[in-house]
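Visitor: Protein sequences appear in the order of chains A and B.
For the first sequence, the working numbering begins at 1 and goes up steadily by one.
For the second sequence, the working numbering begins at 1001 and goes up steadily by one.
Check each hint, because a few of them may be wrong.
What the hints assert, rightly or not - Below, in silico cross-link-like pairs of lysine to aspartate or glutamate (DMTMM-like), each with a Cα-Cα straight-line distance of 20 Å or less:
1) B:1106 to A:185
2) B:1106 to A:187
3) B:1212 to B:1230
4) B:1243 to B:1173
These aren't lab readings, by the way, just hints derived from the structure by calculation.
If you want the building blocks of each chain, they are given just below.
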Amino acid sequence: MSELLETGMAPAGDFAPARSLWRRIEPAVLGAGSIVVLLLLWELLPQLVTLQAGTKMLFTTPSKIAVTLWNMIVTGKLWAPLSVSGTGFVVGLLLSVLVGLPLGVVLGRSRTLNAMFDPFVTAFNATPRLVFLPLLMLWFGLGVTAKVVIVFIGALFPILINTYEGVRNADRGLINVVRSFGGSEWDVARLVVVPNALPYIVAGLRLAIGRAILGVVVAEFFGAEDGLGVIMVQAASRYQVDVVFAGLIVFAVLSLIMTGLVKLLENRLGGWRPQRTGGE
Amino acid sequence: MQPYIQGRNVNLTFRPPNRGPVRALQNFDIDVNEGEFLSIVGPSGCGKSTFLNVILGLIRPDSGDIRLRGSPISGPSTDRAMVFQDFGLLPWRTVQANVELGLELKGMAADARRKVSQPLIEMIGLAGFEGHFPHELSGGMKQRVGLARALATDPSVLLMDEPFAALDAQTRDLMQVELLRVWQQDKKTVLFVTHQIEEAIYLSDRVMVMTKRPGRAKKIFPIDLPRPRDYEMRVTPEFNELKLQIWNELKDEITV
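So that you can see chain A by itself, here it is in the shape it has in the complex (with noise of 0.2 Å):
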């Protein structure tokens, strides 16, 4: 039993070289204060050139529009437009998960089904998303389901083609250990196939909502009469640069917010993995 011994893992830490404190967050200082100088020099530019009048229309300042966004939220006029978009992002990405999750592992699976399935998968994923917003609009409105719709076949390829390409990466060698115990195929689905793609599928989450987002966007600017792209839309029709930039920072924490959830998310179905060394 002489290999239990070897086995006791340190953690590899210990073996890393002391590192000093400055060493340690010297990046976060770093990107942290580069933010901070550039929303400085920004601010300070009115100060520092004379603009003309025609671009002070077109600019605006930081602290304007953090007062603007703050305005926003205190008011409540933020809430409304924001659930409306919220709304079409979440319940599309949802469908998109629920739809391109199972249809990626059985067309993974099976080799009829991808050959019946493939031509309309590799035609779709291959057209611009944007070219069925007219068709979408006069189908569904400039309600929310047309949002859903869009967002819906915009998250659905890539969940769809990346779930695909980790089931087709299953190792044989595990899907027989399962069926020489009897399992059947959604046995071998569920302890081998979905397992073992995990990776692939939220790769694919993760591209996903960067198209679900965009969806939201490119939706409410072009065709829809609620949201918080109609608000920038609005804002930018009458030269209120700040709530444009407002709405901006909004997408953009929501986007952080969504992408900081699927690393969570990673992390926690990863947890088998082997750490890699050196840290994150």
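The hints should help you fit chain B onto chain A, whose structure is shown.
Guide: Frame of chain A, contents of chain B only:
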């Protein structure tokens, strides 16, 4: 008396896409007695592993008759279990969940599974490692888990497909001792495929030499060495005599 496992005239040809057919087994006959430890040695690609997969029920032969306790084998069942060469552990499952895989697929409840897996994990010397993932284990530990998983469903036949081939020489020797200790406890019928003649002799009641592809049984050597066997047995004249005989039978089949 009817043999426990009986194969008659088993023929199997693989037809891989874009390539010519490969005859894996031709007129393959085999008799295995209950509780027997039978090793199969043969050149690479002679169909040894294929045959284990036929017994396991994962591959159906083209023709021939293969029976377990008199009834034809028609598919996988929990009365047969395989220990795989590359361990075949699910990397996203802990040691315990891997050991319980077969029980779970049988539909056993979690606490009943634990009652079975816990003593097995202790028996293979991995108590305290229940929550570890495969990548945290050494090769020898992984194959202990593979063995415990195969034993968990309490199969009557244990199929071992070069189970120690991926281990270093010392670990391999230890695992052989371990396997004999486990086998001694309830004498399951074992079919053990290996490339190593010494391993085959040390473990087995009989050693079958197979021909090169398409594989047939060439000769069977009874190993009448007393049990329990110890490591010193490997240097006795009887052991070396058997090794030489088996090698002489095998070497004509090997093409480099």
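Visitor: Any hints from earlier that this structure breaks? Give me their numbers in increasing order, please.
Guide: Failing hint: just 3.
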